[in-house]
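With numbering that gives the first Met the number 0 as the guide, the letters of the sequence shown map in order to residues 0 to 354.
For the record, the hints were derived by calculation from the structure and aren't laboratory data. Some clues are possibly wrong.
Unchecked claim - Computed list of lysine-lysine pairs in DSS-like fashion (alpha-carbon distance at most 27 Å, straight line):
(1) K181 to K127
(2) K311 to K96
(3) K127 to K220
(4) K127 to K96
(5) K311 to K293
Unchecked claim - Simulated restraints on C-beta separations:
(6) A152 to V106: 53 to 61 Å
(7) E75 to D113: 34 to 42 Å
(8) A228 to V197: 35 to 43 Å
(9) E93 to V283: 32 to 40 Å
(10) G124 to L276: 26 to 34 Å
(11) G132 to M219: 37 to 45 Å
Since this is a predicted model, take the numbers as computed values, not measurements. Cβ coordinates follow ideal geometry from the N, Cα and C atoms, glycine included.
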Amino acid sequence: MLAAFLALIVVLALPISLLIYNVARVVFSPEIMSDLLTTHLVKSGVFRGFITDFLLSPESQQEQGPGELDFSRVIENLSPEERGAIVDILIPPEWIKEQISASFNAVYSWIDDDRPLPLIHLDMGPIKERLLGGGVTEVVDTIVDSWPSCSAAQMEHFREVIEFGGEFPEFLCEPPEPFRSKVIDLISSQLIQVVREVPQELSLSGDQPYPRDMTDIAAMKEWIRLARALSRSSWLLPIALLGLIMALAVRSWGELGRWWGIPLLIGGVLTLLLAVLVTAVGEVLLTSQLSDLKRQAEAVYGLLMVIIGSLKDVIIGSLLFHAALVSSIGLVLLVGGWLINRRTSSLPPGQPGAM
Numbered sequence: 000m001l002a003a004f005l006a007l008i009v010v011l012a013l014p015i016s017l018l019i020y021n022v023a024r025v026v027f028s029p030e031i032m033s034d035l036l037t038t039h040l041v042k043s044g045v046f047r048g049f050i051t052d053f054l055l056s057p058e059s060q061q062e063q064g065p066g067e068l069d070f071s072r073v074i075e076n077l078s079p080e081e082r083g084a085i086v087d088i089l090i091p092p093e094w095i096k097e098q099i100s101a102s103f104n105a106v107y108s109w110i111d112d113d114r115p116l117p118l119i120h121l122d123m124g125p126i127k128e129r130l131l132g133g134g135v136t137e138v139v140d141t142i143v144d145s146w147p148s149c150s151a152a153q154m155e156h157f158r159e160v161i162e163f164g165g166e167f168p169e170f171l172c173e174p175p176e177p178f179r180s181k182v183i184d185l186i187s188s189q190l191i192q193v194v195r196e197v198p199q200e201l202s203l204s205g206d207q208p209y210p211r212d213m214t215d216i217a218a219m220k221e222w223i224r225l226a227r228a229l230s231r232s233s234w235l236l237p238i239a240l241l242g243l244i245m246a247l248a249v250r251s252w253g254e255l256g257r258w259w260g261i262p263l264l265i266g267g268v269l270t271l272l273l274a275v276l277v278t279a280v281g282e283v284l285l286t287s288q289l290s291d292l293k294r295q296a297e298a299v300y301g302l303l304m305v306i307i308g309s310l311k312d313v314i315i316g317s318l319l320f321h322a323a324l325v326s327s328i329g330l331v332l333l334v335g336g337w338l339i340n341r342r343t344s345s346l347p348p349g350q351p352g353a354m
C-alpha cells in the first residue's frame, strides 16, 4: 500500500517537477536567455521597430533652446523604411547583441555576490566612434532626402540663413546644391556636438548611492538562490520516490517493469497534457492581463509578447521532449518487464531464469 501511494505521488509530481526544472533551466541561464532574446528580438525586427519608434518619435525629442534646431520637426517626414535605415546606423544589431549578453551576465553575477544592485552599463564607445566617423552625415543625408523640394521663395530664405546666419527656417525643404551640402553640414555640426557629449558608458543601474540597510536585498537574493537550487534539482524527487518503491515492492524484473514503468508512462502522458494546458491557459491569461498595455503602448506590448513567446517556445519544447523521453522509458520498462516475466514464468522450476 505504501508503494502504491508513492507511485501515485510520482505520477502527480513528475509533470510539475519537469515543468519547474525546464523553467529554471531557461530562466537561470544567462547564456540561454541572452541568446534567446537576441535571436528573437534582433532577427524578428521587433526590437528594431521599438527603438525606431522611441528614438525618432516627436515625443522622445527634448525641446530645443532658442536658435537651435528642432530635431522632432526635422524627422517628421521620414518614412518607416528611412527610420529603420537610420536606426541601423545609430544602433547596429551586433552592438545590441553584445549589450544584451553583457547585461544578463551582470544580473546573474549580481545574484551570487554581495553587491546591493547589479552594475549594468551600455558601452557607448562603438556607437560614438561609428557616428563621429561618418554616421552622422549618413543620418542627416537620409533626413534631408525626406524633405520636399524647395520653392524659389524658400530657396532665398535658405540662402540668407546659410550666408548671413540666423535661425533655421520654420519650413523644411530640400534645396539643390550647393545649398543642400551646406544644410547637411549645419545639421551635422549640431548632431556631432550632441554625440560628443554622450559618455563612454551609460549606467542602467542608476547613480543612486547604495542603501544602508541591505537586509531586504540580501534576503531577496537568498530566496532567488534557494529557488534556483530547488528548481534545478526538482527532477530528483520522482527518482528518489522510485528508489523507495524499489526497496518496498520490487523483487523481480517483472515487478520493476510494473512499479516503475506504469508511473513513468502515466507521468509522461500527464506531462504532455500539462504542456498543452500551460500553452492554452498561458495565452488566455496573457491576452487578458496585457489588454490595457496593448491599447496604451502597442510597441511595448509587441516587444513583451515576443519575449514571453520566445521563452514559452523554448520551455514548452524542452518539456515536450522530456515528457516523450519519460513516457518512452516507462513504456520500455513496462513491456520489457512483462516479456521477462512471461519468459521466466514459462520455464520449469529449477531451470536458469525461473523464479
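Here is what the structure says about each hint:
Using a Cα cut-off of 27 Å, the hinted pair K181 and K127 holds, with the two alpha carbons roughly 23 Å apart. With a C-alpha separation of about 21 Å, the suggested pair K311 and K96 falls inside the 27 Å cut-off, and the hint holds. For the suggested pair K127 and K220, the alpha carbons sit about 36 Å apart, so the restraint of at most 27 Å is broken. Under the criterion of a C-alpha separation no larger than 27 Å, the hint pairing K127 with K96 is consistent with the structure, at around 17 Å.
Between K311 and K293 the CA atoms are separated by roughly 19 Å; this keeps the pair inside 27 Å, and the hint holds. The hinted range of 53 to 61 Å is satisfied by A152 and V106, whose Cβ atoms lie roughly 57 Å apart. Separation of E75 from D113 is about 49 Å and departs from the stated range, judged on CB atoms against 34 to 42 Å. With their beta carbons about 41 Å apart, A228 and V197 fall inside the hinted range of 35 to 43 Å.
Distance hint check: the CB atoms of E93 and V283 are about 38 Å apart, consistent with the given range 32 to 40 Å. A C-beta distance of roughly 48 Å is found between G124 and L276, which places it outside the suggested range of 26 to 34 Å. The hinted window of 37 to 45 Å between G132 and M219 holds, with their beta carbons roughly 44 Å apart.
Checked against the numbered hints above, the structure breaks hints 3, 7 and 10 and satisfies the rest.
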